[in-house]
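J.: Residue numbers (this note's numbering), protein chains in the order written: chain G, 25 to 321; chain Y, 25 to 321; chain Z, 25 to 321; chain F, 25 to 321.
Where hints are given, some of them may not hold.
The list treats identical chains as one, so a pair stands whether inside a single copy or across any two.
Computed cross-link-like contacts, BS3-like style, restricted to lysine-lysine with a CA-CA straight-line distance of at most 25 Å [to be verified]: (1) Lys161 to Lys308; (2) Lys284 to Lys308; (3) Lys308 to Lys83; (4) Lys308 to Lys164; (5) Lys262 to Lys48; (6) Lys262 to Lys83.
Hints are computed from structural coordinates only; laboratory data are not their basis.
Protein chains: 4
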Amino acid sequence: MPETSGSNITQRAIAEGLEACLGKPFSVLDHGFVRVVDYMGNDAAIVQAARVSYGLGTKSVSEDAGLINYLMMNAHTSPFEMCEIKLHVKLPIFVARQWIRHRMANVNEVSGRYSVLPTEHYLPEAAQLCYQSARNKQGKSTSLSPEQQEQVQEMLRTDAVQIFAHYAEMLALPNAENASENGLTRELARINLPLSTYTEWYWKIDLHNLLHFLSLRLTPHAQYEIRTYTEVLLDIVKRWVPLTYAAFVEHRLEGARLSKTAIEVIRRIIAGAPTTQEESGLNKREWENLRRAFLDV
Amino acid sequence: MPETSGSNITQRAIAEGLEACLGKPFSVLDHGFVRVVDYMGNDAAIVQAARVSYGLGTKSVSEDAGLINYLMMNAHTSPFEMCEIKLHVKLPIFVARQWIRHRMANVNEVSGRYSVLPTEHYLPEAAQLCYQSARNKQGKSTSLSPEQQEQVQEMLRTDAVQIFAHYAEMLALPNAENASENGLTRELARINLPLSTYTEWYWKIDLHNLLHFLSLRLTPHAQYEIRTYTEVLLDIVKRWVPLTYAAFVEHRLEGARLSKTAIEVIRRIIAGAPTTQEESGLNKREWENLRRAFLDV
Amino acid sequence: MPETSGSNITQRAIAEGLEACLGKPFSVLDHGFVRVVDYMGNDAAIVQAARVSYGLGTKSVSEDAGLINYLMMNAHTSPFEMCEIKLHVKLPIFVARQWIRHRMANVNEVSGRYSVLPTEHYLPEAAQLCYQSARNKQGKSTSLSPEQQEQVQEMLRTDAVQIFAHYAEMLALPNAENASENGLTRELARINLPLSTYTEWYWKIDLHNLLHFLSLRLTPHAQYEIRTYTEVLLDIVKRWVPLTYAAFVEHRLEGARLSKTAIEVIRRIIAGAPTTQEESGLNKREWENLRRAFLDV
Amino acid sequence: MPETSGSNITQRAIAEGLEACLGKPFSVLDHGFVRVVDYMGNDAAIVQAARVSYGLGTKSVSEDAGLINYLMMNAHTSPFEMCEIKLHVKLPIFVARQWIRHRMANVNEVSGRYSVLPTEHYLPEAAQLCYQSARNKQGKSTSLSPEQQEQVQEMLRTDAVQIFAHYAEMLALPNAENASENGLTRELARINLPLSTYTEWYWKIDLHNLLHFLSLRLTPHAQYEIRTYTEVLLDIVKRWVPLTYAAFVEHRLEGARLSKTAIEVIRRIIAGAPTTQEESGLNKREWENLRRAFLDV
Chain G
25 MPETSGSNIT
35 QRAIAEGLEA
45 CLGKPFSVLD
55 HGFVRVVDYM
65 GNDAAIVQAA
75 RVSYGLGTKS
85 VSEDAGLINY
95 LMMNAHTSPF
105 EMCEIKLHVK
115 LPIFVARQWI
125 RHRMANVNEV
135 SGRYSVLPTE
145 HYLPEAAQLC
155 YQSARNKQGK
165 STSLSPEQQE
175 QVQEMLRTDA
185 VQIFAHYAEM
195 LALPNAENAS
205 ENGLTRELAR
215 INLPLSTYTE
225 WYWKIDLHNL
235 LHFLSLRLTP
245 HAQYEIRTYT
255 EVLLDIVKRW
265 VPLTYAAFVE
275 HRLEGARLSK
285 TAIEVIRRII
295 AGAPTTQEES
305 GLNKREWENL
315 RRAFLDV
Chain Y
25 MPETSGSNIT
35 QRAIAEGLEA
45 CLGKPFSVLD
55 HGFVRVVDYM
65 GNDAAIVQAA
75 RVSYGLGTKS
85 VSEDAGLINY
95 LMMNAHTSPF
105 EMCEIKLHVK
115 LPIFVARQWI
125 RHRMANVNEV
135 SGRYSVLPTE
145 HYLPEAAQLC
155 YQSARNKQGK
165 STSLSPEQQE
175 QVQEMLRTDA
185 VQIFAHYAEM
195 LALPNAENAS
205 ENGLTRELAR
215 INLPLSTYTE
225 WYWKIDLHNL
235 LHFLSLRLTP
245 HAQYEIRTYT
255 EVLLDIVKRW
265 VPLTYAAFVE
275 HRLEGARLSK
285 TAIEVIRRII
295 AGAPTTQEES
305 GLNKREWENL
315 RRAFLDV
Chain Z
25 MPETSGSNIT
35 QRAIAEGLEA
45 CLGKPFSVLD
55 HGFVRVVDYM
65 GNDAAIVQAA
75 RVSYGLGTKS
85 VSEDAGLINY
95 LMMNAHTSPF
105 EMCEIKLHVK
115 LPIFVARQWI
125 RHRMANVNEV
135 SGRYSVLPTE
145 HYLPEAAQLC
155 YQSARNKQGK
165 STSLSPEQQE
175 QVQEMLRTDA
185 VQIFAHYAEM
195 LALPNAENAS
205 ENGLTRELAR
215 INLPLSTYTE
225 WYWKIDLHNL
235 LHFLSLRLTP
245 HAQYEIRTYT
255 EVLLDIVKRW
265 VPLTYAAFVE
275 HRLEGARLSK
285 TAIEVIRRII
295 AGAPTTQEES
305 GLNKREWENL
315 RRAFLDV
Chain F
25 MPETSGSNIT
35 QRAIAEGLEA
45 CLGKPFSVLD
55 HGFVRVVDYM
65 GNDAAIVQAA
75 RVSYGLGTKS
85 VSEDAGLINY
95 LMMNAHTSPF
105 EMCEIKLHVK
115 LPIFVARQWI
125 RHRMANVNEV
135 SGRYSVLPTE
145 HYLPEAAQLC
155 YQSARNKQGK
165 STSLSPEQQE
175 QVQEMLRTDA
185 VQIFAHYAEM
195 LALPNAENAS
205 ENGLTRELAR
215 INLPLSTYTE
225 WYWKIDLHNL
235 LHFLSLRLTP
245 HAQYEIRTYT
255 EVLLDIVKRW
265 VPLTYAAFVE
275 HRLEGARLSK
285 TAIEVIRRII
295 AGAPTTQEES
305 GLNKREWENL
315 RRAFLDV
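Extracted from the complex, chain G is given alone in its bound form (with noise of 0.2 Å):
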């Protein structure tokens, strides 16, 4: 009883963009992929709900992009979650315990108490390798020497091969009284298991969660490995609501935050009274951002 099964005739709305790619695996990392398995809604569902809250019409497309660009611009988020996805994905533990912190979603994840695990690992590639940045707990400074580099990765496909070995070993060992019963109980077998070992699992979500999802983990302070997932969720929210999508960059990704603070002194310069760091009410590095954002040509 196949979930899904070719072409089907559906009274339900489709989105086109997804319909393209749906079950077809984007490829994430080394051995990590993405995988629309299912969808509900397009963007004309959006304005469909809002249209029934606020008694808002609409006629066109032109008028329908303004409605969703006013909804996300004034966090009228209920209507965003009309739409809802479930997608397969692949991606190493590590990832998904980052992942899993939003909780608003829908999940079925491979256990390892029924079934053997797949014995695939992340090995990073060098690019990656930094040193840690003193400033920034979270952060990466300038690249580990070759040298190192080529050591680390040393370290992490040795060090996975002899775990892998040693779960198989565990797994198999012989129960001389019944030999139906070979081997540890996988529930501890795979305690050992490393942070980099891949896992999948069926993730669904509805759009609203998903741009607060994308919204937190796009950003330059996630880690790059979850980013690199974002980022293709990112391009599939691009091809299943297209003006939702490019009101989320408008609005929120290439957005910001000003605090009140900011705001007195963006006024202020534009007033043609220019301050300092230490007049601005402004912290180091509220000012260093505020700076960036506007000033620099």
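With chain G fixed as given, assemble chains Y, Z and F onto it according to the hints.
T.: Relative to chain G, chains Y, Z and F alone:
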């Protein structure tokens, strides 16, 4: 830009039974309805999600049914979250207030701040008008007398008509200075509308949470009016995911929960040692429930 | 078995500012109130949770303030979830219906099925009675004429009085066969009560979700009546977690969100290249907002 | 600014049983613990919330117990949401991954991006090392031989030691150009840490959701390691809300769910018409469960 536009070709899985009634209103009460706007997934999607999590393969519809029964029986609820449904519902406000207590759903409701509300109200049929039960704080006793029933309907009807007339009057108050801004603000004109006034919403929920909602609002303890809706929802579940429907009826709707003490009582009875309420350790209500479920012929 | 029984000794952290007003009602509107029933945590609990997650230590109140500002500014919301508050609120039903749209909370509301509801209703003061704005679907324009204000209040008052009288009458309908079961069922007698009727609930929420609720319901777009409640809640937040309150005002309440295009417009203005709405790429509403926030003296 | 600072005076309700152990760690497994950091509410808070919702008054502890039993039995879950608890837990990552599937909670976990993680891992005792069950995909069969147990422990121990040594080595890689930025980024150095590594978090949840978590993770089907934690949590519940604890054990933990068919089988047996599995309509597993629960002496 219509949300649904007749037949489309899709690569997604479909649910035959729902396609046939998509968009068509099922009537409820005197002016209400439930209409399926969209859905995602089917019985096979649940099986597929279980296969991901538990490595449980199936090959036939009968194996699918067995697996879905197993999931339902063992509270493996996450695979049921992989299906989603979106409904358009018209319902009295007092029913909406019970309904919205179920938080794990997405809602877009008509807003009386943005729109002038249609002046339709729910008027109970005479048969629903009963005396308050003295024993059951939420229950009904025998029917009012026919005269009382008529009297109640008359009060409900005339009060609603009068309030609706005043609502229209407030919305039409002439603005001597600006005729384009006639009328009291909609947000205040509506505050005396009765709880029996019909409202509408789009309501989207996953199958697991829908079944939980149904299990709470299909019992005899639920108010008659919301039960008229949940009975329609149950019929929709049957069309959508027939295997899940059967498992839900078998294990939840027509199943029972037994306390530790009740289990012991049944063990004793089966062992041939009849017992009384006093000896049983059950209070009167529990004893009565047990008797009705297991002992009555 | 009283829930609160005066002074107790506890090993838990306390919030001095809240202890002083625990259990005391803050009046709202004509018959409503907000009362703090219980709470968990304080500013230090947020700092402690951040220390767990980010290994960020602090040693003084000024460092605590800086850390809380940093968390607020960077959407590190989870430490704010570590504080919880429980309120007892009395509010008109139409306000309760807006309020309950915020789902991430726990609620116990008085039930009109179980209890006879007190017949108190909200009557807006004359000053609140304005014409509907033609430009803003949820907004108010100028005041009604004094005669119209009186007329509206009269309609609201007499309708409520009449419905309440009928409510009492239905609840008292004599049962000729069983005087202990007099009256129409409460669950139906209440269905014509107006939306202005007061209800009560216990409402419990974590601080992060409370701030989110406040950021949406403290804006000028929120209806006046719910704003009278959220202003009291904001004052309670100030007493409870003063450092968080200050950061919330600075970064959220009196801050602003800028779109990508708005950022570019400000950059151009600062660079000395004044622009018009037409050239800016902003629509009229966005341009107006920008002008008001940054350009007006 | 300490979160907890010894004895404080509060106007809040307290739970005597929890005060006595607040802040003190309960040991779990070889290096783990559970520690109550804070709490809100007690049995009386549940009664009070029920009184609000259902107008149910009580006057004595025995009436409180009856009311709490009634709520538990009838799935009136919202009053239990009015209590909240915050725990500090140290647990192996593979346990944390099962635990975090329960989404209705607030979490602040130590981050391996921000902090260097302590290199402690869970090593199962020999007695836990069993063969994989052939019949139960998540179950254990008989014990490994003593030699195999030693062999497994040796593999787990030496692999963990080696990975931890490499973790330290990667974190210490010298930066020739900037000694203050020695070491591979923490976010990548940690990716090969084993799932048995201990992590820590603050975890906050309401009582209803805690009981739901316990009902799922206290069963024999839950993995032994997470059960060692849930048993401690159950003991904490007993100290915190003893009446709720008793009702939970009676109606949930040691109660049972019966399907429609199982009810019919029991009715037939009681009516004196013994039946076999084949005739019963139950499958083998269901029949076995029924037999064990009701028929065995």
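J.: Now, for every hint given, state plainly whether the structure supports it.
T.: Hints versus structure:
{"no.": "1", "hint": "Lys161 to Lys308", "result": "within (17 Å within a copy, 43 Å between copies)"}
{"no.": "2", "hint": "Lys284 to Lys308", "result": "both (16 Å within a copy, 23 Å between copies)"}
{"no.": "3", "hint": "Lys308 to Lys83", "result": "between (49 Å within a copy, 20 Å between copies)"}
{"no.": "4", "hint": "Lys308 to Lys164", "result": "within (20 Å within a copy, 43 Å between copies)"}
{"no.": "5", "hint": "Lys262 to Lys48", "result": "within (16 Å within a copy, 31 Å between copies)"}
{"no.": "6", "hint": "Lys262 to Lys83", "result": "within (22 Å within a copy, 36 Å between copies)"}
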